[in-house]
Amino acid sequence: MVPMSYLVGLSAVLFTIGVAGVLLRRNTIVIFMSIEIMLNAVNLAFVALGRRLGSMDGQVIVFFVMTVAAAEAAVGLAIIISVFRNRATVNADELNLMRW
Amino acid sequence: MTIGVFIFLAALSVISAIGTVAQRNPVHCLLALVVTLLTIAVLFIGLDAVAVGFLQMIVYAGAIMVLFLFVIWLLNLQAEVRTEPGHLALKAFSGLLFAALVAELFVLLWHAPSAAGARALAPAGYGSIDNLATTLFSDYLISFEITSVLLLAAIVGAIALARRESSPQAAAARTAGAQIGGMPAEAQAAAARTQAVAAEAGASAHSEGA
Numbered sequence: 001m002v003p004m005s006y007l008v009g010l011s012a013v014l015f016t017i018g019v020a021g022v023l024l025r026r027n028t029i030v031i032f033m034s035i036e037i038m039l040n041a042v043n044l045a046f047v048a049l050g051r052r053l054g055s056m057d058g059q060v061i062v063f064f065v066m067t068v069a070a071a072e073a074a075v076g077l078a079i080i081i082s083v084f085r086n087r088a089t090v091n092a093d094e095l096n097l098m099r100w
Numbered sequence: 101m102t103i104g105v106f107i108f109l110a111a112l113s114v115i116s117a118i119g120t121v122a123q124r125n126p127v128h129c130l131l132a133l134v135v136t137l138l139t140i141a142v143l144f145i146g147l148d149a150v151a152v153g154f155l156q157m158i159v160y161a162g163a164i165m166v167l168f169l170f171v172i173w174l175l176n177l178q179a180e181v182r183t184e185p186g187h188l189a190l191k192a193f194s195g196l197l198f199a200a201l202v203a204e205l206f207v208l209l210w211h212a213p214s215a216a217g218a219r220a221l222a223p224a225g226y227g228s229i230d231n232l233a234t235t236l237f238s239d240y241l242i243s244f245e246i247t248s249v250l251l252l253a254a255i256v257g258a259i260a261l262a263r264r265e266s267s268p269q270a271a272a273a274r275t276a277g278a279q280i281g282g283m284p285a286e287a288q289a290a291a292a293r294t295q296a297v298a299a300e301a302g303a304s305a306h307s308e309g310a
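Residue numbers (this note's numbering), protein chains in the order written: chain A, 1 to 100; chain B, 101 to 310.
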């Protein structure tokens with residue numbers, strides 16, 4: 001059996017990589033992919049801790065997280081398409097439409 | 101799941117996650133991300149979450165990643181060019197904050213509960229579809245129904261945002277066409293469509309040149 005701290009540690013490492021991706025990349029689609037990495041890291045922690053507690057709640061929450069991720073990806077990619085149509089770029093540095 | 105299998109899967113997922121963040125071509129990023137998602141799905145199955153693991157493969161690595169791939173191809177994205185160096189103070193500050201986040205996570209892990217109190221064997225039927233469905237449709241029934249409303253809202257929102265008619269060039273072309281008095285409605289629509297297509301072609305040529 002794998003120790004719990006290894007599983008939570010892997011989850012933390014993956015989450016950190018996702019945060020780094022959001023902070024460092026300029027391509028909005030890659031930023032979205034980094035957000036997916038973060039969601040998956042949290043899902044892994046949910047499943048591991050749910051198994052430790054012998055409770056199904058962790059897996060049910062993973063199910064809901066997947067649903068929200070699907071909705072977020074659909075709406076976010078639609079926004080990216082619509083922005084690309086108007087500005088012809090997906091570079092986050094050049095998208096300053098809402099800057100005050 | 102033995103410790104060797106876990107270490108193999110963990111190394112694979114971390115390497116492919118770093119690949120997702122570090123590669124410059126968006127399609128390569130996406131392929132690395134699929135590897136991450138599949139290894140996490142295998143980890144789920146190893147943790148007795150069989151149904152969730154297969155859902156992860158089908159929904160995440162299948163459907164959502166194909167959506168990403170379609171968008172990358174639709175926008176015809178090329179590998180990005182590195183920008184010129186600058187903003188050194190900001191970079192140093194963000195590096196500091198990043199180190200703080202990593203340190204925070206590892207302090208948290210240091211105090212994380214060890215496996216000492218864990219059940220070596222999950223209760224019978226743990227993680228089966230029966231068990232998952234019973235929990236989902238009894239304790240979480242209202243959340244489940246709200247999820248369907250969320251998905252409906254996401255579908256409507258995605259269609260409304262990505263619809264082609266809402267682009268300003270087409271609207272401008274339509275207004276210009278409407279101002280020409282004697283044109284029949286079909287000819288006006290055709291003219292508007294041609295102008296919109298020309299504007300789109302110009303935009304894509306511009307993006308390819310850039």
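Take these hints with a grain of salt, some might be off.
[Unchecked claim] Stretches of chain B that chain A covers, calculated by requiring three or more beta carbons in the stretch to come under 8 Å of a beta carbon on chain A:
(1) 150-161
(2) 164-177
(3) 236-245
(4) 248-256
The hints are simulated quantities; they were obtained by calculation from the structure and are not laboratory data.
Remember, it's a predicted structure, so these values are computed and weren't measured experimentally.
Beta carbons: idealized from backbone N, C-alpha and C, even for Gly.
Taking the hints in turn, this is what the structure says about them:
no.: 1; hint: 150-161; in the structure: holds (count 6)
no.: 2; hint: 164-177; in the structure: holds (count 8)
no.: 3; hint: 236-245; in the structure: holds (count 4)
no.: 4; hint: 248-256; in the structure: holds (count 5)
This entry satisfies every hint, going by the numbered hints stated previously.
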